[in-house]
Amino acid sequence: MHPAVNLLDSRTDMGDLGWIAYPKNGWEEIGEVDENFAPIHTYQVCNVMEQNQNNWLLTSWISNEGASRIFIELKFTLRDCNSLPGGLGTCKETFNMYYFESDNEDGRNIRENQYIKIDTIAADESFTELDLGDRVMKLNTEVRDVGPLTKKGFYLAFQDVGACIALVSVRVYYKKCPSVIRNLALFPDTITGADSSQLLEVSGSCVNHSVTDEPPKMHCSAEGEWLVPIGKCMCKAGYEEKNNTCQVCRPGFFKASPHSPSCSKCPPHSYTLEEASTSCLCEEHYFRRESDPPTMACTTPSPISSVKKSKITKNSISLSWQEPDRPNGIILEYEIKYFEKDQETSYTIIKSKETTVTADGLKPGSAYIFQIRARTAAGYGGFSRRFEIETIPVSVAASSDQSQIPIITLSLTVGVILLAVVVIGFLLSGRRCGYSKAKQDPEEEKMHFHNGHIKLPGVKTYIDPHTYEDPNQAVHEFAKEIEASCITIERVIGAGEFGEVCSGRLKLQGKREFPVAIKTLKVGYTEKQRRDFLGEASIMGQFDHPNIIHLEGVVTKSKPVMIVTEYMENGSLDTFLKKNDGQFTVIQLAEMLRGIASGMKYLSDMGYVHRDLAARNILINSNLVCKVSDFGLSRVLEDDPEAAYTTRGGKIPIRWTAPEAIAFGKFTSASDVWSYGIVMWEVMSYGERPYWEMTNQDVIKAVEEGYRLPSPMDCPVALYQLMLDCWQKDRNSRPKFDEIVSMLDKLIRNPSSLKTLVNASNSVSNLLVEHSPVGSSAYRSVGEWLEAIKMGRYTEIFMKNGYSSMDAVAQVTLEDESPCEKWSLTLHPLFPTGYQT
1 MHPAVNLLDS RTDMGDLGWI AYPKNGWEEI GEVDENFAPI HTYQVCNVME
51 QNQNNWLLTS WISNEGASRI FIELKFTLRD CNSLPGGLGT CKETFNMYYF
101 ESDNEDGRNI RENQYIKIDT IAADESFTEL DLGDRVMKLN TEVRDVGPLT
151 KKGFYLAFQD VGACIALVSV RVYYKKCPSV IRNLALFPDT ITGADSSQLL
201 EVSGSCVNHS VTDEPPKMHC SAEGEWLVPI GKCMCKAGYE EKNNTCQVCR
251 PGFFKASPHS PSCSKCPPHS YTLEEASTSC LCEEHYFRRE SDPPTMACTT
301 PSPISSVKKS KITKNSISLS WQEPDRPNGI ILEYEIKYFE KDQETSYTII
351 KSKETTVTAD GLKPGSAYIF QIRARTAAGY GGFSRRFEIE TIPVSVAASS
401 DQSQIPIITL SLTVGVILLA VVVIGFLLSG RRCGYSKAKQ DPEEEKMHFH
451 NGHIKLPGVK TYIDPHTYED PNQAVHEFAK EIEASCITIE RVIGAGEFGE
501 VCSGRLKLQG KREFPVAIKT LKVGYTEKQR RDFLGEASIM GQFDHPNIIH
551 LEGVVTKSKP VMIVTEYMEN GSLDTFLKKN DGQFTVIQLA EMLRGIASGM
601 KYLSDMGYVH RDLAARNILI NSNLVCKVSD FGLSRVLEDD PEAAYTTRGG
651 KIPIRWTAPE AIAFGKFTSA SDVWSYGIVM WEVMSYGERP YWEMTNQDVI
701 KAVEEGYRLP SPMDCPVALY QLMLDCWQKD RNSRPKFDEI VSMLDKLIRN
751 PSSLKTLVNA SNSVSNLLVE HSPVGSSAYR SVGEWLEAIK MGRYTEIFMK
801 NGYSSMDAVA QVTLEDESPC EKWSLTLHPL FPTGYQT
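Start counting the sequence shown at 1; every next residue gets the next number (our numbering).
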């Protein structure tokens, strides 16, 4: 139940309500008791035998406490007029509710015509004389809302025009978003807005010891729910977030920046004795450069002393060196810094894990300065002394090259002979197989380019029917003409933009009769409507794929003009999912998504951009095969209820459309991929409306500020991650449809990959249950655990470093630099980025 604040509740108010009834023989207050035998106020009227009833009941003045939208909940009983003998002519089964706004209590005695009608209230359940004898009271509950209110308070009035009714209780309330701490920001109690779809933007204030780069915001919905969190507060340096508060870093720990996730242990050879430390001090005889970050370990020098020249050319210098005698730990890598002599401000750094390096791209005949230092788990050592080495001048290199000419010439000669032998052999081989160049299909030599991609020979390319001078030519080129006598229309199943949509049967010569869907063009059409209607057939007729709706043909030579397609028994996907909420396995849903992606891959390969991909435009048959349909955004979406005008003047389905398409009209296969991500969300939420009751403008703003739809309940992590990939702001970062099909194929072939859920409703999922030492108590030894996760070859490394028991392994985290940096190269798959063991 959403948070509500009562302004009036007649059931709980024990004192005099102060309500007025007129005329006095109309509404009457009756003392009753509720189910707990507590006294309650009820008002009754039953003047059903007398004509022209006009009985009013007025409440006392009700303060709205600043709310601009209020709700009225009525509980009442009403007698069935049929059970009243002789009263049928005058009896009513409804009553009316009104209100009048006022800043004070002077509004009660105004004229009836100054009250504003809220609604006529009717009963879902009425009682009869028999019910009355059995003491069975059928209680009705009705809720109405009023807004926007502009004054400090209001009166309610109930008008009876001849019903037999008992008003059991009246509750008046407003909704609010309750005070909450989210992302370390406090959001105060916020009364909802006056509009039923309005989102109020509320700024939060950072809680204790937290700061922010920009004020965090949330939006209060009309139903009293907090939505669309934007931004967050962060615990300041020296404090870390725990249980939604900022707690001080203990001695021995530090946090250098608000952007750091938590307090870290002081790096090797450093310490701090104070709370809330932002850095650690180096131990005696250890040091850290001013430019080193506070996470860097304090070290003693371990310089490289001996460097040798391995090979020098006009453009490159190769060096080798010996590992230092006392490196202060295992050397993880070397850093080589070099620059042209007298150009020290412009230098290059190379990192190498070996004791050799080659610097190339150098100038001939120029002197370069080299310095090398080593890095261990304890940090970097000092740089070696400077070594000056000169590249070979151009003149010397040229004379050296001349001496190589005979060898090069001989090599080329041998190469040409070998190539000739291979080519002759290939040609002879080809002839023996009956293959010759003369017989090759000329199409195989052509390469087609589309959107920067090479298209393979034989792949069809979509042709826009609007490019034809005569639109009828496009229809006849891409769609088959069907005789109207072959079609039997059975029933109307819906309404399209241009006319009715029917189901029926098609009987073609030499084939069995089969079911079809028939779109008809309404009578009195204009030539433009006819052209637009058949334009969809000109598009559809170019497609031939099991996941694209199949065009059987058109009727253009008689009336009505018709488009005939295959019949999809289960209708549109969004309606089908709503009717069957929760009835399918994850694999079945994934297969539906795979079908849609396969159809979109086909369209993308042909160069067709759909522009209106949504679950309502996917049809599904009795075998749960999904097919892309409705190629209508080649038209303007004037009649689509989901469409909205953009600042560019076009009308597009905002909730399904990529940001760049909304802002700049850039519709591409990448914008179709964004829409596909929304379709994935619709499927996994069984037809839920994307972004719920947010307005189109609120959706545009939220998406632009980085908000993305949250995961549907019980959605696999892999599928939600694919959605987020489709919703990348940079369209070039979104996956292609062929990649989406490949990903879904892998997931479907490996059902266990779909078992990990983002927010399981009945169980808590653990992303690392098979990949980390969490739950490692199931293994008797480190070796057994490593073997189980296919990492047995690292057993010796663990043992050498003191991790001989599962308890010791369980203490390792990515922030423990000493052990983890030693093994970072070999153990990376064991510790995925961002997770703790």
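Warning: the hint list may mix true and false statements.
Claimed, not checked - Simulated pairs of lysine to aspartate or glutamate, EDC-like, Cα-Cα distance not exceeding 20 Å:
hint	residue 1	residue 2
1	557	500
2	92	28
3	152	101
4	363	344
Hints in this document: simulated from the structure, not taken from any laboratory.
Each hint, compared with the structure:
For the hint linking residue 557 to residue 500, the alpha-carbon distance of about 19 Å falls within 20 Å, and the restraint holds. As the CA atoms of residue 92 and residue 28 are separated by approximately 18 Å, the hinted pair is consistent with the 20 Å bound. About 8 Å separates the Cα atoms of residue 152 and residue 101, which keeps this hinted pair within 20 Å; it holds. Only pairs whose Cα atoms come within 20 Å are accepted, and residue 363 paired with residue 344 is accepted, the gap being roughly 15 Å.
Checked against the numbered hints listed earlier, the structure breaks none of them; every hint is satisfied.
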